Amino acid sequence: DAKTTQPNSMESNEEEPVHLPCNHSTISGTDYIHWYRQLPSQGPEYVIHGLTSNVNNRMASLAIAEDRKSSTLILHRATLRDAAVYYCILRATSGTYKYIFGTGTRLKVLA
Amino acid sequence: DAGVIQSPRHEVTEMGQEVTLRCKPISGHDYLFWYRQTMMRGLELLIYFNNNVPIDDSGMPEDRFSAKMPNASFSTLKIQPSEPRDSAVYFCASSFLGLGNQPQHFGDGTRLSIL
Chain D
8 DAKTTQPNSM ESNEEEPVHL PCNHSTISGT DYIHWYRQLP SQGPEYVIHG
58 LTSNVNNRMA SLAIAEDRKS STLILHRATL RDAAVYYCIL RATSGTYKYI
108 FGTGTRLKVL A
Chain F
8 DAGVIQSPRH EVTEMGQEVT LRCKPISGHD YLFWYRQTMM RGLELLIYFN
58 NNVPIDDSGM PEDRFSAKMP NASFSTLKIQ PSEPRDSAVY FCASSFLGLG
108 NQPQHFGDGT RLSIL
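Protein chains in written order, with the working numbering: chain D, 8 to 118; chain F, 8 to 122.
These are calculated hints, taken from the structure and not from any lab test.
All of these numbers come straight from a predicted model, not from anything done at the bench.
We put the CB at the ideal spot given by N, CA and C, even for glycine.
Be careful, since some hints might not be right.
Over the 12 Å line for every Cβ pair with chain F, so calculated as not near, a few chain D residues [what the hints assert, rightly or not]: (1) Ser32; (2) Asn63; (3) Ser68; (4) Lys76; (5) Ser77; (6) Gly111; (7) Val116.
With a straight-line cut-off of 27 Å between C-alpha atoms, the simulated DSS-like cross-links for lysine-lysine are [what the hints assert, rightly or not]: (8) D:Lys10 to D:Lys105; (9) D:Lys10 to D:Lys115; (10) F:Lys85 to D:Lys105; (11) D:Lys76 to D:Lys105; (12) F:Lys75 to F:Lys85; (13) D:Lys105 to F:Lys31; (14) F:Lys31 to F:Lys75; (15) D:Lys10 to D:Lys76; (16) D:Lys105 to F:Lys75.
Residues from chain D that keep clear of chain F, each with C-beta distances beyond 12 Å, as calculated [said to hold, decoys possible]: (17) Glu18; (18) Asn30; (19) His41; (20) Ile55; (21) Gly57; (22) Asn61; (23) Ala70; (24) Asp74; (25) Thr79; (26) Thr86; (27) Leu117; (28) Ala118.
Produce the complete structure using the sequences and hints provided.
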């Protein structure tokens, strides 16, 4: 399974944008890039996913590099409620339907 | 819409006892996943089902662990006998079709403590 690399932790000020990076240099052409976040004492929560093009939804934006070897999750205005561990995961379109969770990035939002 | 429902939310029991964790997936979802989360190992996939049939149980740590899905709306994860090292948060998740572009929906987990 292709692996992802994320910084262990990041900090952001409240109401400022946050850019969470993820490297996935061994990504295959059919792997989707998924982002989840886990708030304290809760299960992981789906945030966004993409294949090749940048994606936007009500929670965040996903910017995917042209060579697909990296991606960035963008929170446009961080709030205290966005403090969580953010996971970047690659998911194949066939074969195995497993998620392989890495250690993620712990985001701290400062008031 | 109701999400994935897990019960109990917390379980404390003594070593050697049988533990049964329960999961109700989202209606209409045909894939169900069981995960375990610990500080040391993070989130690990234990087993997953498709249309109630176990597809991959390579993550199940030992024969003491077993999982069943008797119907589309219910699954159990059983540990017998339980040991202190089984203490963890166990999550159930479900998804539709299991395709690469379909997200998994997680429950809030069962926090298991084995004394």
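Hints versus structure:
{"no.": "1", "hint": "Ser32", "in the structure": "19 Å, holds"}
{"no.": "2", "hint": "Asn63", "in the structure": "16 Å, holds"}
{"no.": "3", "hint": "Ser68", "in the structure": "17 Å, holds"}
{"no.": "4", "hint": "Lys76", "in the structure": "18 Å, holds"}
{"no.": "5", "hint": "Ser77", "in the structure": "19 Å, holds"}
{"no.": "6", "hint": "Gly111", "in the structure": "8 Å, violated"}
{"no.": "7", "hint": "Val116", "in the structure": "22 Å, holds"}
{"no.": "8", "hint": "D:Lys10 to D:Lys105", "in the structure": "13 Å, holds"}
{"no.": "9", "hint": "D:Lys10 to D:Lys115", "in the structure": "24 Å, holds"}
{"no.": "10", "hint": "F:Lys85 to D:Lys105", "in the structure": "21 Å, holds"}
{"no.": "11", "hint": "D:Lys76 to D:Lys105", "in the structure": "20 Å, holds"}
{"no.": "12", "hint": "F:Lys75 to F:Lys85", "in the structure": "8 Å, holds"}
{"no.": "13", "hint": "D:Lys105 to F:Lys31", "in the structure": "20 Å, holds"}
{"no.": "14", "hint": "F:Lys31 to F:Lys75", "in the structure": "12 Å, holds"}
{"no.": "15", "hint": "D:Lys10 to D:Lys76", "in the structure": "11 Å, holds"}
{"no.": "16", "hint": "D:Lys105 to F:Lys75", "in the structure": "18 Å, holds"}
{"no.": "17", "hint": "Glu18", "in the structure": "21 Å, holds"}
{"no.": "18", "hint": "Asn30", "in the structure": "18 Å, holds"}
{"no.": "19", "hint": "His41", "in the structure": "7 Å, violated"}
{"no.": "20", "hint": "Ile55", "in the structure": "9 Å, violated"}
{"no.": "21", "hint": "Gly57", "in the structure": "9 Å, violated"}
{"no.": "22", "hint": "Asn61", "in the structure": "15 Å, holds"}
{"no.": "23", "hint": "Ala70", "in the structure": "18 Å, holds"}
{"no.": "24", "hint": "Asp74", "in the structure": "19 Å, holds"}
{"no.": "25", "hint": "Thr79", "in the structure": "19 Å, holds"}
{"no.": "26", "hint": "Thr86", "in the structure": "21 Å, holds"}
{"no.": "27", "hint": "Leu117", "in the structure": "25 Å, holds"}
{"no.": "28", "hint": "Ala118", "in the structure": "26 Å, holds"}
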